[in-house]
Amino acid sequence: MSKQLAFYLDSSACSGCKACQVACRDKHGLEVGRLWRRVIEVVGGDWLPSGDAWTSTVFAYNLSISCNHCQQPICMEVCPTNAITKRTDGIVLINAQVCVGCGYCRWACPYNAPVLDPVSGKMTKCTFCADELDKGKDPACVAACPMRVLDYGELDELVDKYGNLRAVYPLPYETVTEPALVLTPHKDARPAGSRDGVIANKEELG
Amino acid sequence: MKKWSLIVFTVLAQAAAGAFVILIGHKALMGATATVLPELQVLVASTIIMIAALFVSLAHLGAPQNAPRSANNFLGSWLSREIVFGLLFAGSAVLTTIMSWRGEMLQLRVVISWLGVLFAFGMVFSMSRVYMVRTVRAWNTPLTLFGFFLTSLLLGALVNAVPARRVNEMMVSGMLFLIAVGVVVFLLWTLRIASDLQLNNLIWGAVFRIILSLVGAGLLIAILYSTGNGIDLVRDAFVVLLAGEVTGRWLFYRAQEISEWDDRM
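Chains A and B, in that order, are what the protein sequence lines are. My numbering puts the first residue of the first sequence at 1, with every later residue one more than the last. My numbering puts the first residue of the second sequence at 207, with every later residue one more than the last.
Don't read these hints as lab results, they were simulated from the structure. Check the hints yourself; a few may be wrong.
Label-pair ranges, simulated between beta-carbon atoms [unchecked claim]:
(1) B:Trp410 / A:Gly33: 28 to 36 Å
(2) A:Arg106 / B:Gln271: 14 to 22 Å
(3) B:Leu293 / A:Lys161: 50 to 58 Å
(4) B:Trp210 / A:Gln72: 30 to 38 Å
(5) A:Leu133 / B:Gly297: 46 to 54 Å
(6) A:Lys187 / B:Phe327: 50 to 58 Å
(7) A:Lys137 / B:Lys209: 36 to 44 Å
(8) B:Lys209 / A:Ser194: 25 to 33 Å
(9) B:Trp410 / A:Asp131: 45 to 53 Å
(10) A:Glu204 / B:Gly231: 35 to 43 Å
(11) B:Gly231 / A:Asp156: 55 to 63 Å
(12) B:Ile257 / A:Lys187: 58 to 66 Å
(13) A:Cys17 / B:Trp210: 33 to 41 Å
(14) B:Ile254 / A:Asp156: 51 to 59 Å
Beta carbons: idealized from backbone N, C-alpha and C, even for Gly.
Next comes chain B alone, as it looks inside the complex (with noise of 0.2 Å):
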């Protein structure tokens, strides 16, 4: 239970965050007029997204009612910054997708937006960092931090492209190439555990996710032949996409129980 729930957790609050950055990024880029992405359907969905994430994170807990006590450590502890950095980016996602709603005071919402991708980013950051802690080789390494990443990344566009009137060419790239880093990062971080760890359960899970993520890209690369607007597609490249990111993150935590008693620095 407590295993799944930080699973569902860590890539539920990713894809929200990388959604909300996605979206901010790309307007401030494009211009808010020349964006395709449906903001407001995008800022619910991440608010929603990302408040599911802080309740399920609760299950997790042994003693949930000493919760507001994790903030205590915020100078010493990549968890305490965590939670910190995540409440904040919620609390960001609510008053912007508000203000798009209504909308109303523009140049407050664009400061809050921008507050949000921050926390955003601060909240993914203390999230790799978490578990990079010394004493646990199998996540103590940039692979966790550029995974982190790169599942926020991949997740937050396909959070964009879902509800989006039309897929265009770019948006498929992008993503591809997200997977493509994200396949080659997972890669180096099995092959890096592999020499430690004893296989047998790991091995057909790793490959399972590869699988999930090859499977996901050529649906995207679907779209680009198609004649359709390609929502159906990446809706279900969205679903196994997803898939393979929480396989990948079960494997994460799997190799930290199997290293337990092994593999300590």
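Extracted from the complex, chain A is given alone in its bound form (with noise of 0.2 Å):
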């Protein structure tokens, strides 16, 4: 029976540290501006005038994101070459010897995940650490947060665990494209589609 891996994110806790995004680059080697994995800072709000006093709307939040390994991956449908592939367990590959680098899939993926190798050429994203689950071992990412706001397992299960809520702003609806990922949001969290909130940290994200 095939099944479908996820990641988890609890980004009521997540302190934006990073170290997952470094630990993902250290173990694919991935030069400085290629990230598979990117911590999105989410700010907005204000200071408002209250009589005398002031009010404070502001918040913040972040989300560690990679690829989401979707159910209905619009990287696979729109590839020319045939170059992306979902295995049984879910995880979605791109096969380097057949990708053409057109860019397309980058275009089309509402998480940005894809990203271009400039060495050799081919389109590159999170590979779910397939090597690393093959021996039985975490993924980088989870296995680097101190935090411990990472997780992955079957997509059931984690629903089952933590509960449904598959997206919050600035993410897609998840019925774009089915991701296998599973959020508990922050307490300022914005719902997806929301327009009350800015990225912070744009031009960090590739």
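Hints in hand, dock the two standalone chains.
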């Protein structure tokens, strides 16, 4: 029976330290500018006058996001060379031997997961550390998180354990590609589709 | 580099397709002897432009050595279909040009030329659908489809007009109509994305693009009042309107770049 591996993120406790990002880059030898896991910093709100005082509606939260190995991977639909495949365990992979480096998967992916390797000219992305899973180990990002906000497992089990929230702002509605992602939201998290907030570190995300 | 190669590829390919379709369609409507269009010159231009476009498109690939594999997902990917139709159109254009130059195999030439029309349509339609991907709101609108076909028809009409012996009122009227509709479609697209994106950079580009269209239209209108054959004015209009289409296409790609981390569905 096929299964769907998924990531879990407890955004309510994510400090935005980027240890997950560093661990991923270290394991996969990613050069500066190429990220497979991105920590998105979301901010919003303001200080509002309230009589003689001020009221703060300022909020901030972090989302650690990689490829979500979607159940309806649009990258796979659009790839002209059939370089992108989905394994029986749900992991979506790019076959570098076949990839032509057109970048269409990057345009299509609502999470901007695929990134170009400038040396090989091929598209690359999170592999769920499939090689580590084969050895019975955790993905590098999950193992590195000091706050223990990252987890992984069978999607149905994660949903039973943590609930069925799959998207918050700035992530797209989960109905678009059905990401294998479960979230515990930050207390100030805005719903997907909200316009009440901005990404504060766009230039870091690649 | 990647963006510019795609801008040049899409504009040139659409121009080539439009030129071929207008020439063949015009011949069918008016009859081979009644046309004022220089058939061989337009066929050569269309063919060279399309072949150049295909070569330019390779520059946007990170691994062009795998380009032959790009047709692998014809059943599922609009990009695969665009490539296949593009190659079939280029092949049809080459064959039609050669047979027209040699003045032989008229019936077969007619069949291949109409196949070329179908492949050209398929290429531009597929090209539009490549960009109408549901996760890019700036592109996922019928305005993308209309805009791509209008670019094809306008630039195609100009490719037909530039080498013509004279530019008549019907040709000018047709091109003015295409410019007017193109400006309306572009304005609708700009207004659609304006609600979601920071327009700081785009607004001036949009104004510039519209100004170029108006200047091009003015040059074409001047043909109607000139005493000459209008060829110099149509060539000037071609340069200005081509610049307008390139500017519009640049804005099209820029809109996606700006919205890459926002404005997803």
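Taking the hints in turn, this is what the structure says about them:
Separation of tryptophan 410 (chain B) from glycine 33 (chain A) is about 29 Å and conforms to the stated range, judged on CB atoms against 28 to 36 Å. Arginine 106 (chain A) and glutamine 271 (chain B) have their C-beta atoms about 20 Å apart, which keeps the hinted 14 to 22 Å range intact. At about 51 Å, the beta-carbon gap between leucine 293 (chain B) and lysine 161 (chain A) stays in the expected band of 50 to 58 Å. For tryptophan 210 (chain B) and glutamine 72 (chain A), the Cβ-Cβ distance of about 33 Å falls inside the hinted range of 30 to 38 Å, so the restraint holds.
Separated by about 47 Å at the C-beta atoms, leucine 133 (chain A) and glycine 297 (chain B) satisfy the suggested range of 46 to 54 Å. For lysine 187 (chain A) and phenylalanine 327 (chain B), the Cβ-Cβ distance of about 54 Å falls inside the hinted range of 50 to 58 Å, so the restraint holds. Look at lysine 137 (chain A) against lysine 209 (chain B): about 40 Å separates their beta carbons, and that is inside 36 to 44 Å. Distance hint check for lysine 209 (chain B) and serine 194 (chain A): the Cβ-Cβ separation is about 30 Å, which falls inside the suggested range of 25 to 33 Å.
In this structure the supplied range 45 to 53 Å holds for tryptophan 410 (chain B) paired with aspartate 131 (chain A), their Cβ-Cβ distance being about 50 Å. The hinted range of 35 to 43 Å is not satisfied by glutamate 204 (chain A) and glycine 231 (chain B), whose Cβ atoms lie roughly 52 Å apart. The hinted window of 55 to 63 Å between glycine 231 (chain B) and aspartate 156 (chain A) holds, with their beta carbons roughly 57 Å apart. Taking 58 to 66 Å as the suggested C-beta distance range, the pair isoleucine 257 (chain B) and lysine 187 (chain A) conforms, at roughly 59 Å.
Between cysteine 17 (chain A) and tryptophan 210 (chain B) the beta carbons are some 38 Å apart, a value that agrees with the proposed interval 33 to 41 Å. Checked against the given bound of 51 to 59 Å, the beta carbons of isoleucine 254 (chain B) and aspartate 156 (chain A), roughly 58 Å apart, stay inside it.
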